[in-house]
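Trainee: Here are the chains, one letter per residue:
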Amino acid sequence: MAVFVYAENINGVYKKAAFEAVSYAKAVADQTGDTVTAISVNPTDSSDLLYKYGASKVINIKDEGLKNFSAKAYAQAVSEVADGNIIVFPHTTDASSVAPMLAVMKNYSLITNVLEAPESQSPLQVKRKAFSGKGFMHAKADGTGVILTVSQNAFGVKENAVSGSEEVKNLSVSNEDTKVISHEQSSGKLDLKEAEIVVSAGRGLKGPENWGMVEDLANVLGAATACSKPVSDIGWRPHTEHVGQTGKAIAPNLYIAIGISGAIQHLAGVNSSKTIVVINSDPEAPFFKSADYGVVGDAFQIVPALTEKIKALKG
Amino acid sequence: MKILVCISSVPDTTSKINFTADKSAFDKNGIQWVINPLDEFALTKAVKLQESQGATVTVINVGDATTEPVIRKALAIGANDAVRVNLDPKDSFSTAKEIASVAQNGGYDLILCGKESIDYNGGSVPGMVAQLLNQPFVNASVGLEVNGAEATAVREIEGGKETISVKLPAVFAGQKGLVDEKDLIIPNMRGIMSARTKPLQVVEPVSAEVKVQGVSYDSVPPRAAVKMVSPDNLDELVRLLHEEAKVI
Ligand SMILES: Cc1cc2nc3c(=O)[nH]c(=O)nc-3n(C[C@H](O)[C@H](O)[C@H](O)COP(=O)(O)OP(=O)(O)OC[C@H]3O[C@@H](n4cnc5c(N)ncnc54)[C@H](O)[C@@H]3O)c2cc1C
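Protein sequence lines correspond, in order, to chains H and B. Residues 1 to 315 (our numbering) are what the first sequence spells out, left to right. Residues 1 to 248 (our numbering) are what the second sequence spells out, left to right.
Bound-form chain H, shown alone (with noise of 0.2 Å):
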């Protein structure tokens, strides 16, 4: 029986959390013998990027009612065409609202933000993230039907590439509870809940006007830019780049953090990434007891030399 997994688009493009679900799933399939069966609704993307990761079946879901997205409505495709009793999805907004509504659908056991591959097989348990950060939880599923939710940058994407082949599936789902009025998306701007690097910054930049040397380092580093929750409720910045406990949860590979205290709530977010460098002027600033790099001193020196050294460094 595959392993199903929803791989993700947004216009057509699949996303890097879409490669990572595939990894995931194929790493679930080895466990138990078998292959992946990817499912997309609408992409314009090729099938051979989901080969790529695992992936040796790609159904395509052509639907002009899915044009527009709708939990309940994509939940109802993913239903239709996904009868295995492993569904993999990544933990990304979107897919996170379809995945409950089709664990209730499919009467499936569902377990978010796992972190990596199952521990067991029948029942199938796995390590996921709890207490935003703070803890481990070892979930087990009762049932065999079970949906996971990977989480974004936990389980990495892993190339595992195998011949694949490709169906198309008509279906005209109804969709009439939701209407897209507007939809806003901000181009060529970097993924925050993707991005391997994040540079952040707190209250200690004093002023929004101050974010330039932030966005500088950022650029240099191909880098998402992220903010402490205090520098958003004044509105420096917008609300989407605020993480931590109350804002998002992110596991770059590496973190740096400016001019941030390092309160409990706003570690709850980050302490996932993998490497975490601090810059603050305070040598008691909590965050140093939480990083693996830290430099005692003025931001507004040390964040342009670093960016200017950095730069020396990619030549």
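Quick caveat, the hints were computed from the structure, so don't treat them as lab data. Quick caveat, the model's predicted, so the values are computed rather than measured. Errors might be hidden in some of the hints.
[As the list claims (entries may be wrong)] Restricting the straight-line Cα-Cα distance to at most 25 Å, the calculated cross-link-like pairs of lysine to any residue (SDA-like) are:
no., chain 1, residue 1, chain 2, residue 2
1, B, Lys161, H, Asp177
2, H, Lys62, H, Ser165
3, B, Lys198, B, Thr56
4, B, Lys161, H, Val13
5, H, Lys106, B, Gly54
6, B, Lys90, B, Thr20
7, B, Lys48, B, Gly143
8, H, Lys16, H, Lys289
9, H, Lys314, B, Val247
10, H, Lys62, H, Val173
11, H, Lys16, H, Phe155
12, H, Lys189, B, Thr14
13, H, Lys274, H, Glu284
14, B, Lys227, H, Lys127
15, H, Lys274, B, Asn233
16, H, Lys62, H, Asn11
17, H, Lys248, B, Thr14
18, B, Lys227, H, Asn11
19, B, Lys16, H, Lys189
20, H, Lys158, B, Ala245
21, B, Lys23, H, His183
22, H, Lys106, B, Thr20
23, H, Lys179, B, Ser165
24, H, Lys189, B, Thr20
25, H, Lys127, H, Asp30
26, H, Lys169, H, Lys314
27, H, Lys158, H, Asn60
28, B, Lys2, B, Lys227
[Claimed, not checked] Below, a sample of chain B positions facing chain H; criterion: calculated Cβ distance under 10 Å:
no., residue
29, Phe19
30, Ala21
31, Asp64
32, Arg190
33, Ile192
34, Ala208
Glycine residues also receive a C-beta, built at the ideal position from the N, C-alpha and C atoms.
Use these hints to put chain B with the ligand onto chain H, whose structure you have.
Mentor: Positioned in the frame of chain H, the structure of chain B with the ligand alone reads:
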């Protein structure tokens, strides 16, 4: 208009998270309990709709008697009445099932929840409730207006936002932005006094069917000691990031 707000009682955000010696459960010793911060946005939004459109606001919590102080706090913030389903919830599905069962005959136009709880981070209850009731579901809501039998919601999408119209009844999961942070209601003395006399109905669970079990828990391993780098030697920081951590 009738609104149902789902609230979860969670450890205060400053809590140190510990597990019992056998690692089989969260250690509740010495924990302060609060309304899940993301649910507070939903509750405040409901109270604002109550003020502007004359809605009635009922809060629901699935929990044992120890959650009542948190329910009273929600009443002090402005909900009209409350329901507690007398079950210490074990997973998202059992919680959603109880909420849906209470909602089933309640004739609610809106069900508002927080996007996820900050303890078990399931993010699953709102969508499950919607599906159990066969209603539309809008996750990550950062704006909501109601006009008759329809609502206009703004939801966060990756790298942007989307405005949609939604046929009611429907379920919305909110987060920061649904109301402004500064508009969150802090209960005043009058609210606290009146909360004591507001109706809090306790109902027994209809089903305790669990689909996921927490088998064991681990704490996050501590990071290795921080390496401090002099601000005058940023070349060393760049070298460490490049050669040791291999992240740039
Ligand atoms: C319910 C609840 C939920 C919360 N959720 C979150 C959350 O999700 N995310 C979050 O971030 N916070 C959250 N908080 C807030 C959190 O407790 C802290 O208040 C917040 O993280 C502090 O932000 P900050 O570090 O930017 O600001 P501050 O605490 O003001 O710290 C600023 C830091 O900058 C340093 N600094 C000042 N000048 C300079 C300089 N020139 N160069 C270098 N460093 C300098 C200072 O030494 C200080 O350490 C929450 C709080 C509550 C009560």
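Trainee: All hints, please: hold or fail.
Mentor: Hints, verified against the model:
1. Note on B/Lys161 and H/Asp177: the hinted pairing holds, with a Cα-Cα distance of about 19 Å set against a maximum of 25 Å.
2. Only pairs whose Cα atoms come within 25 Å are accepted, and H/Lys62 paired with H/Ser165 is accepted, the gap being roughly 16 Å.
3. For the hint pairing B/Lys198 with B/Thr56, the CA-to-CA distance comes to about 13 Å; that is within 25 Å, so the pair holds.
4. For a cut-off of 25 Å, the pair hint linking B/Lys161 to H/Val13 stands: about 18 Å separates their Cα positions.
5. Note on H/Lys106 and B/Gly54: the hinted pairing is violated, with a Cα-Cα distance of about 38 Å set against a maximum of 25 Å.
6. Note on B/Lys90 and B/Thr20: the hinted pairing holds, with a Cα-Cα distance of about 17 Å set against a maximum of 25 Å.
7. Taken as a hint, the B/Lys48 and B/Gly143 pair is honoured in the structure, with Cα atoms around 12 Å apart against an allowance of 25 Å.
8. Annotation: proposed proximity of H/Lys16 to H/Lys289 is violated, straight-line Cα distance about 31 Å (limit 25 Å).
9. Of the pairs offered as hints, the one joining H/Lys314 and B/Val247 holds, with about 13 Å between alpha carbons and a cut-off of 25 Å not exceeded.
10. The straight-line distance between the Cα atoms of H/Lys62 and H/Val173 is roughly 10 Å, inside the 25 Å bound, and the hint therefore holds.
11. Straight-line distance between C-alpha atoms of H/Lys16 and H/Phe155 comes to about 12 Å, which keeps the hinted pair within the 25 Å bound.
12. Only pairs whose Cα atoms come within 25 Å are accepted, and H/Lys189 paired with B/Thr14 is rejected, the gap being roughly 32 Å.
13. Restraint check for H/Lys274 and H/Glu284: satisfied, since their Cα atoms lie roughly 23 Å apart, inside the 25 Å limit.
14. About 30 Å separates the Cα atoms of B/Lys227 and H/Lys127, which puts this hinted pair outside 25 Å; it is violated.
15. Proximity of H/Lys274 to B/Asn233 is assessed by CA-CA distance (about 23 Å); at most 25 Å being required, the pair is judged to hold.
16. Simply put, H/Lys62 and H/Asn11 have alpha-carbon atoms about 13 Å apart, close enough for the 25 Å limit, and the pair holds.
17. Simply put, H/Lys248 and B/Thr14 have alpha-carbon atoms about 17 Å apart, close enough for the 25 Å limit, and the pair holds.
18. Distance hint between B/Lys227 and H/Asn11 is unfulfilled; the C-alpha atoms sit about 43 Å from each other, more than 25 Å.
19. Of the supplied pair hints, the one linking B/Lys16 and H/Lys189 is violated, its CA atoms being roughly 35 Å apart against a limit of 25 Å.
20. For the given pair, H/Lys158 sits about 20 Å from B/Ala245 by alpha-carbon distance, which is consistent with the 25 Å threshold.
21. Note on B/Lys23 and H/His183: the hinted pairing is violated, with a Cα-Cα distance of about 46 Å set against a maximum of 25 Å.
22. For a cut-off of 25 Å, the pair hint linking H/Lys106 to B/Thr20 is broken: about 34 Å separates their Cα positions.
23. Taking the CA atoms of H/Lys179 and B/Ser165, the gap is about 5 Å. The hint holds against a cut of 25 Å.
24. A C-alpha spacing of about 43 Å is found between H/Lys189 and B/Thr20, which places the hinted pair above 25 Å, so the restraint is violated.
25. Between H/Lys127 and H/Asp30 the alpha-carbon distance is near 18 Å, which keeps this suggested pair within the 25 Å criterion.
26. Only pairs whose Cα atoms come within 25 Å are accepted, and H/Lys169 paired with H/Lys314 is rejected, the gap being roughly 46 Å.
27. Between H/Lys158 and H/Asn60 the alpha-carbon distance is near 22 Å, which keeps this suggested pair within the 25 Å criterion.
28. Restraint check: the Cα-Cα separation between B/Lys2 and B/Lys227 comes to about 56 Å, which exceeds 25 Å; the hinted pair is violated.
29. This hint holds: B/Phe19 has a C-beta 7 Å from the nearest C-beta of chain H, less than the 10 Å allowed.
30. Evaluation of the B/Ala21 hint against chain H yields a violated restraint, the C-beta minimum of about 15 Å exceeding 10 Å.
31. Checking B/Asp64 against chain H by beta carbon gives a least distance of about 20 Å; that is not within 10 Å, so the hint is violated.
32. This hint is violated: B/Arg190 has a C-beta 27 Å from the nearest C-beta of chain H, more than the 10 Å allowed.
33. Interface restraint check: B/Ile192 against chain H, minimum CB-CB distance 24 Å, threshold 10 Å, status violated.
34. Hint on B/Ala208 is violated. Least Cβ distance to chain H is approximately 12 Å, over the 10 Å limit.
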